[in-house]
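**Q** Below, each chain spelled out in residue letters.
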Amino acid sequence: MSEFASGLQVTEEPAQLDPALLLGVRLHRPYRTESLADHLRLVGPLGGIGGEAIISLVGEAGLLGRGGAGFPTARKLASVAAQRAASFVVANGAESEPASRKDRTLLQLRPHLVLDGAVLAARAVGAEAIALYIHDEDALSSLLQRAIQERRASRLDEPPITLSMTEQGFVSGESTSIVSFLNGGPAKPLFNQRNSRSGVGGRPTLVQNVETLAHLAQIVRFGPNRFRHRGTSLSPGTFLSTLTGAVPHPGRVVEIIERTTIGELLEASADLSQPPQALLLGGYGGVFVNGKDAWDWEYSRESLHHHGASLGCGLIGVVPHGVCGLAEATRIMRYLADQSAGQCGPCVYGLDGLATILNDAATGRIRPRILRYIESRFEVVEGRGACAHPDAAVAFMRSALVVFADEVAAHRSGRCTARTDKEVFDVPRAT
Amino acid sequence: MFRVPRELNRFQQMRLTINPLKCDGHGICALVASDVVALDEWGYPAALDEVLEGEAIASARRAVRACPKAALELELIEDHH
Numbered sequence: 001m002s003e004f005a006s007g008l009q010v011t012e013e014p015a016q017l018d019p020a021l022l023l024g025v026r027l028h029r030p031y032r033t034e035s036l037a038d039h040l041r042l043v044g045p046l047g048g049i050g051g052e053a054i055i056s057l058v059g060e061a062g063l064l065g066r067g068g069a070g071f072p073t074a075r076k077l078a079s080v081a082a083q084r085a086a087s088f089v090v091a092n093g094a095e096s097e098p099a100s101r102k103d104r105t106l107l108q109l110r111p112h113l114v115l116d117g118a119v120l121a122a123r124a125v126g127a128e129a130i131a132l133y134i135h136d137e138d139a140l141s142s143l144l145q146r147a148i149q150e151r152r153a154s155r156l157d158e159p160p161i162t163l164s165m166t167e168q169g170f171v172s173g174e175s176t177s178i179v180s181f182l183n184g185g186p187a188k189p190l191f192n193q194r195n196s197r198s199g200v201g202g203r204p205t206l207v208q209n210v211e212t213l214a215h216l217a218q219i220v221r222f223g224p225n226r227f228r229h230r231g232t233s234l235s236p237g238t239f240l241s242t243l244t245g246a247v248p249h250p251g252r253v254v255e256i257i258e259r260t261t262i263g264e265l266l267e268a269s270a271d272l273s274q275p276p277q278a279l280l281l282g283g284y285g286g287v288f289v290n291g292k293d294a295w296d297w298e299y300s301r302e303s304l305h306h307h308g309a310s311l312g313c314g315l316i317g318v319v320p321h322g323v324c325g326l327a328e329a330t331r332i333m334r335y336l337a338d339q340s341a342g343q344c345g346p347c348v349y350g351l352d353g354l355a356t357i358l359n360d361a362a363t364g365r366i367r368p369r370i371l372r373y374i375e376s377r378f379e380v381v382e383g384r385g386a387c388a389h390p391d392a393a394v395a396f397m398r399s400a401l402v403v404f405a406d407e408v409a410a411h412r413s414g415r416c417t418a419r420t421d422k423e424v425f426d427v428p429r430a431t
Numbered sequence: 001m002f003r004v005p006r007e008l009n010r011f012q013q014m015r016l017t018i019n020p021l022k023c024d025g026h027g028i029c030a031l032v033a034s035d036v037v038a039l040d041e042w043g044y045p046a047a048l049d050e051v052l053e054g055e056a057i058a059s060a061r062r063a064v065r066a067c068p069k070a071a072l073e074l075e076l077i078e079d080h081h
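Top line first, the protein sequences correspond to chains A and B. 387 is the number that my numbering gives to position 387 of the first sequence; each next residue is one higher, with no gaps. 18 is the number that my numbering gives to position 18 of the second sequence; each next residue is one higher, with no gaps.
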């Protein structure tokens, strides 16, 4: 296995055509963005396959969205196509989860694979324009502008692709936030918004994560069967995952090629020989799970769902023994509260209140009564915002109180089980 | 927007929904329809019941009309019989 400046692990086997996103491709050290010429030399031109055939192939492949929700992609394509109107495609490269690196890594290495996917998706839904949506970031934006320019210069027969950039923000990568932004408003979630019916400029809009689009392009080129060779029957194909927390290279992106347990993955890619204290799965908007319990779980969408967690954006954060998990959870919860879009009372005030409660638990100031009735505080917030953000924050905090229950009890007695106060998760501070 | 018909079959059921983006926590809904809407500790409304029937519907209608932000909506719950 070789490793690149970005911490990406890839195989150095000779370039064999493989539908996996980051395998079988002759990548150079230091990493180099695949040019359009390289890309076409490797996988050939897109060809003239029509929209209906594309949807059919994606359906056979059973591709699920890789942005977090895992919605069946063919169904999403079909619902936009069914509007039978000129539509719009957004390739979502926002990657708003602070610790996730998979989308930007994919965009840095193989932008044309992603853009091919966007072009095929545009054919499938009858779109006349494509927006590539990212957070404002100098290096990535210049690279992507160059890739778009390469395609324009090659006079490829495809809809115009525009790079769209927005400010950082945890909820700004949400699909209705994107539509709001592209319509000239703030990058904040909308309520009762159905993008497939009416989105950007009132057109039926498809918002798809960049990794999903890359897989879509591979499915069309290699066929559904080769895609289904990997992964599980319920969630086929490979997927990208970011390792973070107490690992040798936080931010390392790995592609899950073979069926593996979480423990096997962490042994192979993070040098862990024992289960850690806990894992944060799915993102900062995900949930904590006990390290020993999760070690033997298969690392797949349905397996995590079965165990009460979620694959999310494929983030795995390691919380080792000897670190105060409650302190980590408190910092992340404050971040989640601060990242509220500020549009809905129950979210703004509710999450602030919950983050304060968790902080009180961490500083040992919490009254036992508050923790006993914490569920009722959760219920006042859940489901009462315009988007899923408050619900995700509630699920996060609930999981922290369960997984770090012993720590909560220790802090109430004025103790802490941690042997270090080193911070494990890099949480953006409020400015 | 779905218009609520004036004459309702008295067995019909309705649902009161609150648009959290439009709601600013004025609280007038809870004043005029305290049997249907209650305010949380920050002054934001929540419907007391999932399903409204009979007189509760009249209360809910008052709340819908009274809201200065038009943040409330009444919708018919589809009959499944």
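Treat the hints loosely; a few may be bogus.
[To be verified] Simulated DEER-style distance windows between Cβ atoms:
hint, chain 1, residue 1, chain 2, residue 2, range
1, B, K69, A, R84, 30 to 40 Å
2, A, D293, B, G27, 23 to 33 Å
3, A, D421, B, N19, 18 to 28 Å
[Said to hold, decoys possible] The list that follows gives simulated cross-link-like pairs (lysine-lysine, DSS-like), each with its CA atoms no further than 30 Å apart:
hint, chain 1, residue 1, chain 2, residue 2
4, A, K422, A, K292
5, A, K422, B, K69
6, B, K22, B, K69
7, A, K188, B, K22
[Said to hold, decoys possible] Derived, one-sided and incomplete: chain B residues facing chain A with beta-carbon distance under 7 Å:
hint, residue
8, F11
9, N19
10, P20
11, L21
12, G25
13, D40
14, Y44
No lab work stands behind these hints: they were computed from the structure. The beta carbon of each residue, even a glycine, is placed where N, CA and C say it ideally should be.
**Q** Now tell me if each hint is right for this structure.
**A** Each hint tested on the structure:
1. B/K69 / A/R84: 30 to 40 Å: holds, 35 Å
2. A/D293 / B/G27: 23 to 33 Å: Hint violated: Cβ distance 45 Å, outside 23 to 33 Å.
3. A/D421 / B/N19: 18 to 28 Å: violated, 44 Å
4. A/K422 / A/K292: Since the Cα atoms of A/K422 and A/K292 sit roughly 22 Å apart, the hinted pair holds (cutoff 30 Å).
5. A/K422 / B/K69: violated, 48 Å
6. B/K22 / B/K69: holds, 6 Å
7. A/K188 / B/K22: holds, 14 Å
8. F11: violated, 27 Å
9. N19: holds, 6 Å
10. P20: holds, 4 Å
11. L21: Hint holds; B/L21 Cβ to chain A Cβ min 5 Å, cut 7 Å.
12. G25: It holds, given that the least Cβ distance between B/G25 and chain A is near 5 Å, below 7 Å.
13. D40: Constraint on B/D40 satisfied, holds at 5 Å.
14. Y44: It holds, given that the least Cβ distance between B/Y44 and chain A is near 4 Å, below 7 Å.
Violated hints, listed in ascending order, are 2, 3, 5, 8; each of the other numbered hints is respected by the structure.
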